[in-house]
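Asks: Counting along the first sequence from 1, when you hit position 86 you're at 86 in the working numbering, and nothing is skipped either side.
Each hint should be verified, as a subset may be incorrect.
Below are the DSS-like pairs computed for lysine-lysine, each with C-alpha atoms no more than 25 Å apart in a straight line [stated by the list, open to error]:
no.: 1; residue 1: Lys170; residue 2: Lys44
no.: 2; residue 1: Lys247; residue 2: Lys20
no.: 3; residue 1: Lys44; residue 2: Lys243
no.: 4; residue 1: Lys10; residue 2: Lys243
no.: 5; residue 1: Lys44; residue 2: Lys123
no.: 6; residue 1: Lys247; residue 2: Lys10
Note that these hints are calculated values from the structure, not bench results.
Keep in mind it's a predicted model, so treat the numbers as computed, not measured.
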Amino acid sequence: MALAAGSALKVATWNVNSLKVRLPHLLDWLASETPDVVALQETKTEDAGFPLQALQQAGWQAVCFGQKTYNGVALVSRVPAEDVTFGIPGFDDEQKRVIAGTFGGVRVIGAYVVNGESLTSDKYQYKLRWLAAFTAYVRESLARWPDLVVVGDYNIAPEDRDTHDPAVWKDCVLVSAPEREAFQGLLALGLHDGMRRFEQPESTFTWWDYRAAGFRRNLGLRIDHILVSNALVGNLTACTVDKGPRKLERPSDHAPVWASFLGS
DNA sequence: ATGGCTTCATAGTGAAGA
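The whole structure should be built from the sequences, with the hints applied where relevant.
Replies: And the structure:
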């Protein structure tokens, strides 16, 4: 059951790298882009400090799953989310990385995938374990909600063309074979890489290093993704990265990515 | 250049990000 005829949905994802710092950018972006749902990552705030009132005063709803200092995810939406869940069921994880909700029958999972630090780090092993648990969770979600969109900061560049320079990134975290296999494992469940359903300019990225003038020189990675289920992919009408907010003063190092759907 | 820049927690610097 895909989207109802004539109904439209715009779903976005944005690693804001501190919601407190980026709230003005978020409010401006919501006003100009009017998504139905935007999944946020790296909110870096406990739920008690989540700026719910500011969002509500601007006409938005939100659910959040945050913690002090690190991680933290949220779903900001025009209408309230239904059937909201937090984390990966059955996977014990102190880090707040997953939130999900249903909007007009479409299930949206927002995720902040583990970074991993380096291939020799304990955090890399945690990343691979986390991805295995997440994949099982997405499989179960897909069985219950065929109309599924899985968005977020995946911290994986799926192919060499998703890096500004494959030689620089060779054998680094974010591009290693086990990580890329995990990404392909998600697609194999019956999901599509939304941005790749449409022609993108060469060297299209979603993150640029703050250091060494990364954005100006387009030294980036495509690591934020919108994955769309088989049932919904026929309704996907656009999927793109919006580099606008990355050009502002004091930006997040990630740009938002959005996808639009139209019921046929 | 095992760096660069930004954030948080903290009141000096260190951890973490990607």
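Asks: Look at each hint and say if it fits the structure.
Replies: Status of each hint after checking the structure:
The hinted pair formed by Lys170 and Lys44 fails the criterion: a straight-line CA distance of about 30 Å is larger than 25 Å. Restraint check: the Cα-Cα separation between Lys247 and Lys20 comes to about 19 Å, which is no more than 25 Å; the hinted pair holds. Taking the CA atoms of Lys44 and Lys243, the gap is about 22 Å. The hint holds against a cut of 25 Å. A distance of roughly 17 Å separates the Cα atoms of Lys10 and Lys243; the hinted pair therefore holds under the 25 Å criterion.
Among the hinted pairs, Lys44 with Lys123 is consistent with the structure: their alpha-carbon atoms are about 19 Å apart, no more than 25 Å. With a C-alpha separation of about 22 Å, the suggested pair Lys247 and Lys10 falls inside the 25 Å cut-off, and the hint holds.
Of the numbered hints listed earlier, the single one contradicted by the structure is hint 1.
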